[in-house]
Amino acid sequence: MLEHDVLVVGAGLAGMRAALAATEMGANTGIISKVYPVRSHSNAAQGGINAALVDRGDAWEEHAYDTVKGSDYLGDQDSIELMCQVAGEELISLEHMGVIFNRDDEGRLGTRAFGGQRRARTFFVADFTGQAILHVLYEQLLKSEITSYEEWFVTSLVMQEGKCCGVLAMEIRTGRVYLIKAKTVILCTGGLGRVFEPSTNALIVTGDGIALAYRAGVPLMDMEMVQYHPTTLKGSGVLITEGARGEGAYLLNKDGERFMERYAPSMMELASRDVVSRSETIEIAEGNGINGSVLLDCRHLGEQLIKEKLSQIYDIGLDLLGIDITQEPIPVQPGMHYQMGGIKTDVDGLTSVPGIYAAGECACVSVHGGNRLGANSLLDTVVFGHRAGNHAAEVSKGTTQEPLDVEELVGQEEKRLAEILSRDANGDRVARIRLDMGTAMNAHLGVYRDQNGMKEALDTIQQLKERYTTVPVEDKGRTFNTDMVFDLELGLMLDCAEAIAVSALERKESRGAHSRTDFPERNDADWLKHILVTSTPEGPKISYSPVVITQWTPEERKY
Amino acid sequence: MDLAVKVRRYDPEAKEPIPYWSEYKVEVDEYTTVLDTLINIREDIDGTLSLRCSCRSAICGSCSMRVNGHAQLACKTRVSEIAPDGGSVTIEPMGNMEVIKDLVVDMTPFWDKVKAVDPWLQPEGPEPEGEYLAPNEDMLHLAGVMGCILCGACVSDCTVLEVDSNFLGPAALAKAYRFVADPRDSQEKPRLDSLRQYSGIWDCTRCMECVQVCPKGVAPMDRIMVMRDLAMNAGFDKEIGARHTDAFVELVSHSGRLDELKLPVKTVGMFNIRAMQSFAPVGLRALVRGKMPPIFHKMLPNVENVRRIFRKLEPKK
Amino acid sequence: MSKYAFFPGCVSRGGCPELYPAAMQVCRRLGIELEEMVGASCTGAGVLQEKNQFLGDVLNARTFAMAEWMGLPIMTICSTCQGVMSQANKRLTDDPEYLARVNAELAEEYLEYKGTTVVKHLLWIIIEDIGVETLKTHVRNPLTHLKVAPFYGCYILRPSNALGFKDYPGRETSLEELIEAIGGEVVNFSGKSRCCGFPILTINEANSVAMVGKHTSEAADMGADAMVTPCPLCHLNLDGYQPKAMAQSQRKTNLPILHLPQLMGLAMGLDPDELGLQKHIISTGDLVSKAVPA
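Going down the list, the protein sequences come from chains E, D and G. Using my numbering, the first residue of the first sequence is number 1, and each one after it goes up by one. Using my numbering, the first residue of the second sequence is number 1001, and each one after it goes up by one. Using my numbering, the first residue of the third sequence is number 2001, and each one after it goes up by one.
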């Protein structure tokens, strides 16, 4: 029998941090991931992790204010304060585990500048900070007693009397379904980037945990807040770190003009991401772009700095476009990058459903509100992963495992999966449905939105949901059936897409990443509140929750 | 342009589970990567094709496979570079690992070996309140190894693993180096002591396959060579490998050239009768054929210049 | 007329004494003029570099400086010498500061390396400088009945960025090109670019011998009459340890292993004995009778 006090779903930064915290608290801990832990998408975080260190003359209040302002005042200020207060502690603990952060001349941790912040407080490892941290947490995972289920796909949460008691999961290698009992389940499954096409996100980023929680009755919050990153590679949509601009790279239009001067005269290229992405979109729409993109120019940074601090994007330029960024600017465009919203949790990761926790990108505490600052996502994962692990371990101590009819539950799930495998060819394909969904989402829920477009996208999603019920899986085998995995992921993504569209239609103002051409202004009187969406048999149901304001009253955002 | 993609397939559930080839015709442009073509195949042509892939930007390490015979990340390889005029590309699963299905291999032994080098930082004493102080040059140096994404390409093409699955292999040894070279770690000597054992640093054959195929410039073999030197300096110089290196250096320092006749004798020791016997059959056969190295090894005409360089740069202990 | 500073390497006059005269004869036929570098030291073969790479680079810079003084490119006849020197040359020419540090060690001998020496293996010289067409004109005895398996040796293939593969992409298949030019049929086996096992012979003989067994049996299974290698260290292992490999694997390969100049010499009609073919551990008798019609 597979059984744990705490079971963490997802082995990225939030997941591994949560599992390490839980096991340290003495909980029998398991971690389950559909990929090997080091394949997780936390890898892709290039730029760094924010923390205001007092001994560098910084103050957590400064960091918190920048974050609140960046969130366009939708972030909950109590959560933000907490995150910024413990940031230094979490950063140092990562260093103690072995992360090889860049140093200053005295051998202390060194910083770089990042967007939307008035002070350089981003700690980094060249331009592969996420990978460098992820691999160190993996080292700690190997050292620990945690049971690791690698390449297992969670298909459902097991609910009994309104409480979560474990998960049903498919071992991808054999196709067999297992029930893993758990007193508490922490969802750390990351974002939902593949709901959009294109996206900077990896192919595995399919909103699994968000949809699993949603299906289990947990409300999702701020789902309309989808971040478009200002610098993604034209064509493939691969991410080019904000660190490039942090190190001083320029954004240029077709005339070679640093157009940000007109949109954000003081912060220029380092204004917050929503602002820069909108500016680029306007430049391109007004005919100042080059084939639908603008240029990111690193040339003046010099070869040594580029190779030392931006080595990964130097390689990406060469590998994917054949461009040497020390010699030539590269074409970039805004691209879907991050989901600010997600599973509504408190600061301990707990949701409204007993037994279900969430942390990291799949969760919404909410510390990012309408727009996340660069390098706050890594911080979010370790701070709230840590807290969720602690809390879940504590709660599981006082909980006894409910008896479950394992055979019955596994049997039902196997039947559900067998039905999918048994479908006959009907000319439709899983990939085609995903592409239709992604294209519609990108067209109508991108940088600029309006009522008609969003309505059209929602209609499309509902039609796609119909198609999804009969779409066949071509691979009929049980062994490493990736076709089957895509099918299951698509179902989860369609739920996420619907939640985004419904929430976005609801918010009749422009705030943070949610920019409506039909409601171009922010409207604090009516909309300084979170939008929640809950799954019901009648369809998605909207409700609201107030934004927590502690010390910063909303004011106009200027960069 | 058109491209023929030949993929080596394997379905363990087939009636006769034996590897076979599938060939697909796809359209590619200048920027299409090998991974793009495989995704294209899987999504539009043949959903039964299994492969691992995720990030599309050479950071997650999922899509290592053999492309035209050599391990590489499919997402980092543009088709136009390996088949500039179209034609065909051959895709196979990684080597030295058991195939589960199609391009998916069993990486369990790979992870087990990474774990076998105790890959976690072991500092000494109580943790400081703030960060450990460390020179930035050391961190930049480690970044070269920490850049390893554990994709397995080096293990796939390792020539020692082809004949000896016990070898720790380039990825695990590079991982070990990341701790040996970390100024914060206190276990350099015990780590080297364990790495010098059978299946460790001395079993590398220096073929450079790992240096060649590594998509991240980690150069595992170079790290292994540094650890050999560190192990010898740490006093672990009785290994046959260490003695081989020492003997080589000593012979060249003496005559400016290598004396192959003396090398095995010096390496195994004149009194290691069993090892000497193992060279004997080859030696005798070579002698009969007139192939033996000259007994009186010739010295370089100006050997004193070479000796001087040795005396200065590699002083005897 | 092409002229080179000849760097024979230790093994061509040590463990494989048949290689040196074979190479000399072939070069004479092809009109390659050689001036032997009598004062040059061993390259370090990668072994010395394990212990002290700087020392290795000083020794090789010394050799390059001598060739520079002679005003000639260097010719090698050993994959290992070639690779080790190419790697050293890359380090020296990539970084002027490093070169200056190395040169400081040579000053006492009044030598200075300016960074201009080109180092080429005989194999590359034939393909790139002499040309396949010229080579063909010297073939008296085309090896049309022979199936030959190429075996490069690691150091002449990797790391390719030190070996000029970008400017000379043909180097990756130069051995096949040469075999075909002299009339042979190439046995394209997967082991051709792998390791012969020589570097770990004294350290882990079982693995080393297993490599010999793997490559020789794969080539033999594909019908090879012989294997040819531009590396005398590979030759030492593939030839010298093939009997042990046969004992280990219970597979009677008896595959003759030829040095590159020996195979070329056979095609040029040179005397097999003068090429040293009788000096091998694995008999070349049958091969010679098949290659040279009575």
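Worth double-checking, as some hints may not be accurate.
Derived DSBU-like pairs (lysine-lysine); straight-line CA-CA distance at most 35 Å [what the hints assert, rightly or not]:
1. G/K2147 to D/K1312
2. D/K1266 to G/K2290
3. D/K1189 to E/K465
4. G/K2114 to E/K307
5. G/K2051 to E/K143
6. E/K397 to E/K465
7. E/K307 to G/K2244
8. D/K1316 to G/K2136
9. D/K1115 to G/K2051
10. D/K1189 to E/K307
11. D/K1015 to E/K415
12. G/K2214 to D/K1015
13. D/K1266 to G/K2090
14. D/K1316 to G/K2214
15. D/K1316 to G/K2147
16. D/K1316 to E/K397
17. G/K2136 to D/K1262
18. D/K1189 to E/K181
19. G/K2090 to D/K1238
20. D/K1262 to G/K2166
21. D/K1266 to G/K2147
22. D/K1266 to G/K2051
23. G/K2214 to D/K1312
24. D/K1006 to G/K2114
25. G/K2244 to D/K1238
26. D/K1266 to G/K2214
No lab work stands behind these hints: they were computed from the structure.
Run the distance test for G/K2244 versus D/K1238: straight-line Cα separation, threshold 35 Å.
26 Å, holds
Hint check: D/K1189 vs E/K307, CA-CA at most 35 Å. Holds or violated?
Given pair D/K1189, E/K307 holds - Cα atoms ~33 Å apart, limit 35 Å.
With the threshold set at 35 Å, check whether the alpha-carbon distance from G/K2147 to D/K1312 stays at or below it.
It is violated: about 51 Å lies between the C-alpha atoms, which goes past 35 Å.
Is G/K2136 close enough to D/K1262, meaning Cα to Cα at most 35 Å?
Distance ~41 Å between G/K2136 and D/K1262 Cα, so the pair is violated.
Measure nothing beyond the straight line between the CA atoms of D/K1189 and E/K181; if it is 35 Å or shorter, mark the hint as holding.
43 Å, violated
Next pair to validate is G/K2214 with D/K1312; report whether the Cα-Cα distance is within 35 Å.
43 Å, violated
CA of D/K1266 to CA of G/K2214, is that 35 Å or under?
Holds, at roughly 29 Å.
Are G/K2090 and D/K1238 close enough, with their CA atoms no more than 35 Å apart?
33 Å, holds
Does D/K1115 pair with G/K2051 here, judged by a C-alpha cut-off of 35 Å?
Satisfied, since the Cα-Cα distance of roughly 28 Å is no more than 35 Å.
Can you confirm whether the C-alpha distance between G/K2214 and D/K1015 stays at or below 35 Å?
Satisfied, since the Cα-Cα distance of roughly 30 Å is no more than 35 Å.
If you draw a straight line from the CA of D/K1266 to the CA of G/K2147, is it 35 Å or shorter?
With Cα atoms ~40 Å apart, D/K1266 and G/K2147 exceed 35 Å; violated.
Decide if the proposed pair is consistent with the structure: D/K1266 and G/K2090, CA atoms, cutoff 35 Å inclusive.
32 Å, holds
When each numbered hint is compared with the structure, violations occur for hints 1, 2, 3, 6, 7, 8, 14, 15, 16, 17, 18, 20, 21, 23, 24.
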